[in-house]
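Protein chains in written order, with this note's numbering: chain A, 1 to 294; chain B, 1 to 407.
Hints were generated in silico from the structure; no laboratory data involved. No residue lacks a Cβ here, since even glycine has one placed at the ideal position from N, Cα and C. Some hints here could point you the wrong way.
Distance ranges between label pairs, derived from CB positions [what the hints assert, rightly or not]:
| # | chain 1 | residue 1 | chain 2 | residue 2 | range |
| --- | --- | --- | --- | --- | --- |
| 1 | A | L258 | B | R318 | 33 to 41 Å |
| 2 | B | G141 | A | P279 | 54 to 62 Å |
| 3 | A | L258 | B | E193 | 19 to 27 Å |
| 4 | A | R86 | B | E304 | 33 to 41 Å |
| 5 | A | M1 | B | M358 | 28 to 36 Å |
| 6 | A | L258 | B | E200 | 21 to 29 Å |
| 7 | B | S186 | A | T162 | 48 to 56 Å |
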Amino acid sequence: MEIVLQITANGLMLGGLYAMISVGLTLIFGITRVINFAHGEFLMVGMYIVYLVTTQLGVHPYASVLLAVPALFVMGALTQKLVIERLRNSDEHVQIFATVGLSIALINLALLIFGADIANTPSSGLRHSVGVGTVGVLTGQLVIFFSSIVLVVVLHLLLTRTRPGRAIRATAQNRAAARLMGINVSRVYVLTFGLGAACVGVAATLVAPLYPASPTIGTYFVLIAFVVVVMGGLGSITGAFIAALVIGLVDAFAGYYLGSDLKEVAVFGIFLLVLIFRPSGLFGARRNLSHVSP
Amino acid sequence: MSKSRSMFRYAAIGLTSALALGAGAGAAHAEVKFGALYPFSGQLALLGEESARGLELAVEQINSEGGVQGEQVKLVQGDAVDNNQAIGEARRLIAREGVKAIFGTYSSSRSIAASQVAELSRIPYFELGAVAEKVTSRDLGYLYRTNPTAKDMARTIVDMIVESVAPELGMDPSELRIGIIHEDSSYGSSVAEFENKYAEEAGLNVVAEQAYPASTVDMSSIVLLLKEENVDVVLQTSYQNDSVLFLRQADEENYDPKAIIGGGGGYSMEPTAEAVGEDVIDGVLDADFTQYNVNPEFAPGVKEFVEDYKAKYDSAPRSGHSLNNYAGAMALLHAIDDADGFGPDEIREAVDAIDIPMGETAAGYGVKFGENNQNTRAKMMGMQWQDGELVTVFPEEAAVSELKLQD
Numbered sequence: 001m002e003i004v005l006q007i008t009a010n011g012l013m014l015g016g017l018y019a020m021i022s023v024g025l026t027l028i029f030g031i032t033r034v035i036n037f038a039h040g041e042f043l044m045v046g047m048y049i050v051y052l053v054t055t056q057l058g059v060h061p062y063a064s065v066l067l068a069v070p071a072l073f074v075m076g077a078l079t080q081k082l083v084i085e086r087l088r089n090s091d092e093h094v095q096i097f098a099t100v101g102l103s104i105a106l107i108n109l110a111l112l113i114f115g116a117d118i119a120n121t122p123s124s125g126l127r128h129s130v131g132v133g134t135v136g137v138l139t140g141q142l143v144i145f146f147s148s149i150v151l152v153v154v155l156h157l158l159l160t161r162t163r164p165g166r167a168i169r170a171t172a173q174n175r176a177a178a179r180l181m182g183i184n185v186s187r188v189y190v191l192t193f194g195l196g197a198a199c200v201g202v203a204a205t206l207v208a209p210l211y212p213a214s215p216t217i218g219t220y221f222v223l224i225a226f227v228v229v230v231m232g233g234l235g236s237i238t239g240a241f242i243a244a245l246v247i248g249l250v251d252a253f254a255g256y257y258l259g260s261d262l263k264e265v266a267v268f269g270i271f272l273l274v275l276i277f278r279p280s281g282l283f284g285a286r287r288n289l290s291h292v293s294p
Numbered sequence: 001m002s003k004s005r006s007m008f009r010y011a012a013i014g015l016t017s018a019l020a021l022g023a024g025a026g027a028a029h030a031e032v033k034f035g036a037l038y039p040f041s042g043q044l045a046l047l048g049e050e051s052a053r054g055l056e057l058a059v060e061q062i063n064s065e066g067g068v069q070g071e072q073v074k075l076v077q078g079d080a081v082d083n084n085q086a087i088g089e090a091r092r093l094i095a096r097e098g099v100k101a102i103f104g105t106y107s108s109s110r111s112i113a114a115s116q117v118a119e120l121s122r123i124p125y126f127e128l129g130a131v132a133e134k135v136t137s138r139d140l141g142y143l144y145r146t147n148p149t150a151k152d153m154a155r156t157i158v159d160m161i162v163e164s165v166a167p168e169l170g171m172d173p174s175e176l177r178i179g180i181i182h183e184d185s186s187y188g189s190s191v192a193e194f195e196n197k198y199a200e201e202a203g204l205n206v207v208a209e210q211a212y213p214a215s216t217v218d219m220s221s222i223v224l225l226l227k228e229e230n231v232d233v234v235l236q237t238s239y240q241n242d243s244v245l246f247l248r249q250a251d252e253e254n255y256d257p258k259a260i261i262g263g264g265g266g267y268s269m270e271p272t273a274e275a276v277g278e279d280v281i282d283g284v285l286d287a288d289f290t291q292y293n294v295n296p297e298f299a300p301g302v303k304e305f306v307e308d309y310k311a312k313y314d315s316a317p318r319s320g321h322s323l324n325n326y327a328g329a330m331a332l333l334h335a336i337d338d339a340d341g342f343g344p345d346e347i348r349e350a351v352d353a354i355d356i357p358m359g360e361t362a363a364g365y366g367v368k369f370g371e372n373n374q375n376t377r378a379k380m381m382g383m384q385w386q387d388g389e390l391v392t393v394f395p396e397e398a399a400v401s402e403l404k405l406q407d
């Protein structure tokens with residue numbers, strides 16, 4: 001029984017981590033419909049920012065959120081403005097390959113600047129174990145879990161209660177109609193891409209004290225993030241959150257009962273089943289922001 | 001000697017050796033060329049270059065002692081940035097530069113690719129640092145390997161458990177519950193396979209084995225599994241991220257096995273120790289190439305090597321790769337010095353005759369080529385993290401400190 005509780009706790013914490021990393025991707029994916037293969041490298045850049053700020057200025061890693069979020073926002077906005085927008089009239093594949101190119105360029109840039117070794121952000125007590133009885137998790141994991149809930153709620157309010165949010169949703173639903181209503185569509189895309197990348201900035205701040213940064217760290221997370229986003233329904237933020245928890249739990253239970261070499265079989269098996277029986281994702285039909293647009 | 005005359009001489013040498021292939025050109029040259037084929041750029045550049053420095057220092061020392069067969073050695077670099085380029089560069093070194101032998105390569109896959117080119121041209125290929133078994137298991141006649149392999153790593157780990165870890169714990173080796181965890185690419189899998197084999201031969205009790213992808217972000221389920229199985233000794237073969245992840249998560253989940261033994265990779269690297277902290281890494285064991293904290297009586301020349309290295313490159317060696325390349329190259333160059341010429345078969349004959357006992361090279365291990373031209377005396381060393389440093393603790397004659405396991 002204790003084992004089951006511990007595995008559940010581990011799974012939920014892992015789910016919170018996946019959710020944290022996936023919300024930005026689902027926002028970009030669902031609204032601009034650009035599959036951003038450089039998403040993991042955005043996370044990597046964010047983690048290096050946190051590493052540099054923390055080690056150079058000697059502040060608490062969480063304080064670097066003040067720099068990481070604006071920096072990632074600008075990076076995302078520029079990606080849309082300078083790369084994606086120029087390919088607006090090209091085939092979708094071209095846009096995808098542009099982000100693949102961006103990903104490779106960023107990894108090798110990091111190799112050039114930081115080398116292949118890991119860069120370790122001080123954990124500042126966030127690796128301290130807390131828990132009830134024999135079930136324990138790290139404070140840093142708890143922070144990630146609750147922050148991911150807050151982030152989901154904030155984004156939800158932003159999209160439903162504010163003017164820019166409504167403009168974003170209108171653009172996602174029907175680009176042409178949104179333009180006719182006087183919405184500056186290309187600015188909305190730049191804003192959305194920036195917002196999605198800023199979410200990655202939050203994620204990077206929270207993840208860096210728990211995982212050492214390295215040029216390829218993004219690739220460790222990005223595949224699962226895509227699974228989460230598709231499983232939750234493209235563009236559905238709550239869907240991504242719930243899918244992340246499901247994947248986290250499956251990962252933890254399969255890791256223990258099937259073995260770590262087979263856990264991905266369980267994760268991707270469930271993913272396949274979802275795709276077969278609900279091709280638009282768990283929450284795709286109800287809350288998908290992109291289902292109307294041509 | 002004027003430049004044009006020496007140019008003519010190279011052309012003549014190239015021509016005669018191309019025509020006579022192995023008959024031995026016989027003429028007294030002033031300079032002999034060998035290839036240095038390593039990944040000097042790209043992802044593997046850091047340790048590729050580090051490996052090449054060992055060869056450079058060996059050549060420098062040989063030249064200062066009068067060269068080989070009275071001739072100065074000139075190294076011609078080839079950049080094996082990937083498998084295709086390794087092949088291309090091997091061709092260039094042999095056909096255009098006319099090298100008499102190639103030394104390399106650090107990366108197993110580059111070595112496997114390039115050595116085939118050398119084999120077809122009947123040019124001796126000396127591998128000084130690649131660890132995959134497959135490098136020497138292809139029945140090549142001109143390929144020799146001086147360094148220890150994945151098999152030797154498993155051998156050292158199992159010997160260390162039987163001869164040092166179990167006695168230190170006051171237990172019979174067969175009482176220990178062993179758990180093997182490894183990343184699932186060929187590196188982790190092959191070491192784990194040999195660990196299983198040797199553990200069985202030694203009568204050890206392996207109670208858990210778990211592979212995982214190196215890109216994993218959570219190892220808590222593996223820690224739970226090892227805990228449930230009451231594993232006393234964990235053997236992990238891993239890269240850097242997964243080494244850090246396991247050591248951290250084991251510590252956080254209060255899993256405290258009697259010993260953790262790494263198989264090179266992340267376990268030999270300083271950043272791993274920094275990332276997990278001195279209190280966690282302290283006492284962790286590791287098997288890898290000979291490093292610098294080794295008994296100089298067992299590895300004569302290691303101190304001088306470090307001094308020469310610092311003088312030439314203005315920094316301390318960044319890993320044990322340079323030392324192992326140096327030791328292998330020294331043994332081979334001395335043998336070539338005794339050969340009756342630079343023809344491939346003269347070189348092979350001289351190299352086959354090498355018989356250096358343990359404890360007489362700068363890397364400690366001896367050199368004698370056996371089946372498939374693999375150095376049968378190559379050994380990995382057992383090391384332990386003590387007070388933030390990786391020190392040699394096994395075998396006893398190489399140790400600079402005692403293996404300590406606190407309860």
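Subject >> Hints violated by the structure (numbers, ascending) >> reply: Result: hints 4 and 5 break, sorted rising.
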